[in-house]
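Protein sequences appear in the order of chains Z and P. Heads up, the first sequence stops at 164 in this note's numbering, and the numbers go up one at a time, no gaps. Heads up, the second sequence stops at 1210 in this note's numbering, and the numbers go up one at a time, no gaps.
Keep in mind the hints are simulated off the structure, nothing from the lab. Using N, Cα and C, we set each Cβ at its ideal position, and we do this for glycine too. It is possible that some hints are incorrect.
Stated by the list, open to error - Restraint-style ranges between C-beta atoms, simulated for each label pair:
1. G138/Z - D1066/P: 29 to 37 Å
2. D1168/P - L136/Z: 52 to 60 Å
3. Q77/Z - P1087/P: 23 to 31 Å
4. R46/Z - G1034/P: 50 to 58 Å
5. G1023/P - Q45/Z: 34 to 42 Å
6. S1154/P - R46/Z: 24 to 32 Å
Claimed, not checked - Some chain Z residues near chain P, calculated using beta-carbon distances under 7 Å:
7. A38
8. G42
9. I71
10. T78
11. W84
Said to hold, decoys possible - Going by beta-carbon spacing under 8 Å, a handful of chain Z positions derived as facing chain P:
12. E29
13. S32
14. D36
15. V146
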Amino acid sequence: MNERKTVRQATGPPRESTHPPCGRRFAEELLSGYLDDALTQGDEQRVRLHLEDCAECRARVEEMTQLREVIMTTRFQTPADDQWDETPRGAASRLARSAGWLLVAVWLVSVTGFVLWGVATGPQGWFEKSLVFGGLSGLALLFVSVLLDRLRVMPGDRYRGVEK
Amino acid sequence: MTIESSLPPPTAAAVAADLSALGDGELVERTRRGDAAAADLLARRCRQPAYLLALQLLRDPDDALDVAQDALLRLFTHLDRLQRGRPVRPWLYAIVRNRARDLMRHRGRRPRAALAADDPEGGVVLVDDSPGPEDAARRHELQVRVWHALGELSETQREILVLRDYQDLSYEEIAGVLRVPLGTVMSRLHRARRALRERLENAAGGPFHE
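Extracted from the complex, chain P is given alone in its bound form (with noise of 0.2 Å):
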């Protein structure tokens, strides 16, 4: 008898213990091969990014649900055509913000700078790493007062300080998703800070400072 006969077959907690350290190129390379627990680790682990992009780019959720569930149907549908090695996530973003667009196009709207009244803050929620209850509040309303005046922007403005300030993806990677060389991105993404600034100075609750 091996060693390897010997074990106890590894039980399905233990399957994904082992599949959740891999990275995300291996498991889409493990999802081409038909590996149906590396196919939904890897779609558990796109929900949220592609949920929170389209939200930030489309200010509603449910609009935000349904371009997300569709990019990751998507992504899904069209895995064969990632070159191998490429990461997944700015492939994930571009098909997001691409649907985002459309959706908006077809419906020959803006985001809503109006957020709902049974929603006043648009979904924003406090964090919790605040250093106390004043700070805490203080710093939400001024995340509120920033997503309010993002949503007066133009798409273009918005949707690049939105791919670099809140997902924090690189020059390189915002690109990418733009389709836009390298050094559109900083000038783009500089009028849209100063587009952003000058919202919040004319803004009630004048200037932001923190």
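Chain Z on its own, in the form it takes in the complex (with noise of 0.2 Å):
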């Protein structure tokens, strides 16, 4: 493919102004790309006949290549099957159970409101409708609270940009 000509077109001059050990004039990282085969064919070229004469730079991509090899060998443990939760809904659930949480905000505000006229107009005490003014002011400071934390994180959502 065409990692090799992508590549080219995107690399432009090097960025980096180091040279690899025995001082030749090309730029260290090409070593990486040679060993990764992401060079175009000049540069790998280049590297290739400087490696023959070149045992410094020879020996750092041998060295290079062992460390590639090792991390890639690495194995590591990995969660049964029981310790994932169950397989992501798909839309339709997701819609019927957004649906279903409306449900329940407009039943429940419609319920509080119910009652808070209730006691409102009712014939309660000054300290029975304090208690339930204040209980349900509460929860819905607390319910506000949630709300400006969760408002506050959405523009910073890098998820909803994420490359398609």
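Now that you have both chains on their own, put them together as the hints suggest.
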């Protein structure tokens, strides 16, 4: 593929001014590109010819190759199947859940309004009314606090614009 | 009676086997159309890669599992945003990487450089295909040394090494995940490799040689 070609197009002048340990005048990062087979044809040939004559750079590339091989063969313990949550829901399920939450919210607001109206116009004394209004006000403040936190996070949600 | 109607209905195992032959792209399409079996298989395929990337970036199994599950949820929630024909893995990796960075920044910490006492090797386990026990032990020791040294690198250096050398992504895929120009990948990767080599040389055990 044309990782080679794409790298050639996108690389432009080397971004790093360091050179191989032998002092050869090409960017040291080309040794990494050589290791990953990601150089342009010209750069690859330049590095290959240099390596034929330079034991120091050959050793460097050999060392990087060994390091990469050690890393690539590293295996990690992974969680068992039962540690994972169920498969994320599909669009229909998400829609149903959203609609459910909306209905619950509407129901909650209606019931709260009904209770408040009943208490406000009812025969209860100031103490009972204070208890009801105070409790509901506390809950409302907690809700507003959570809502504000969510709204504050939303503009910074990096996943909304994640690469498609 | 047609030939089709005379055939018995496919079993669940046959359906699963049929799906398992499909590529990720086809599974994505079927998931979008509401195929629960395809969604389940896609989730199973994406789980371990997401977890491993998160583990390699965060170096904490619990955090890695949380991030991987969150990333999968986000992937399925926004699956309709994935352009047709685009591979799903780089997209998943981008989500995992962003989520891992957010978590680290939220906690204001680097990943665990010192590993827990009850897990001194940080979840690194021996490979099974080593030629002999001595070679296996030696290889394992090197892997653990590299794993420790990796934890001492900067976030930027660590993530590019993880994507290239642990995850074996191409330069083009890395550029997509990190959202950097392709030319930046090689220079950044080389700096990271050099930093890793210096850490290994300075660490106990001396220079890296297999």
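Problem - Hint check against the structure, violated hint numbers in rising order - result: When the structure is compared with the hints, numbers 8, 15 turn out to be violated.
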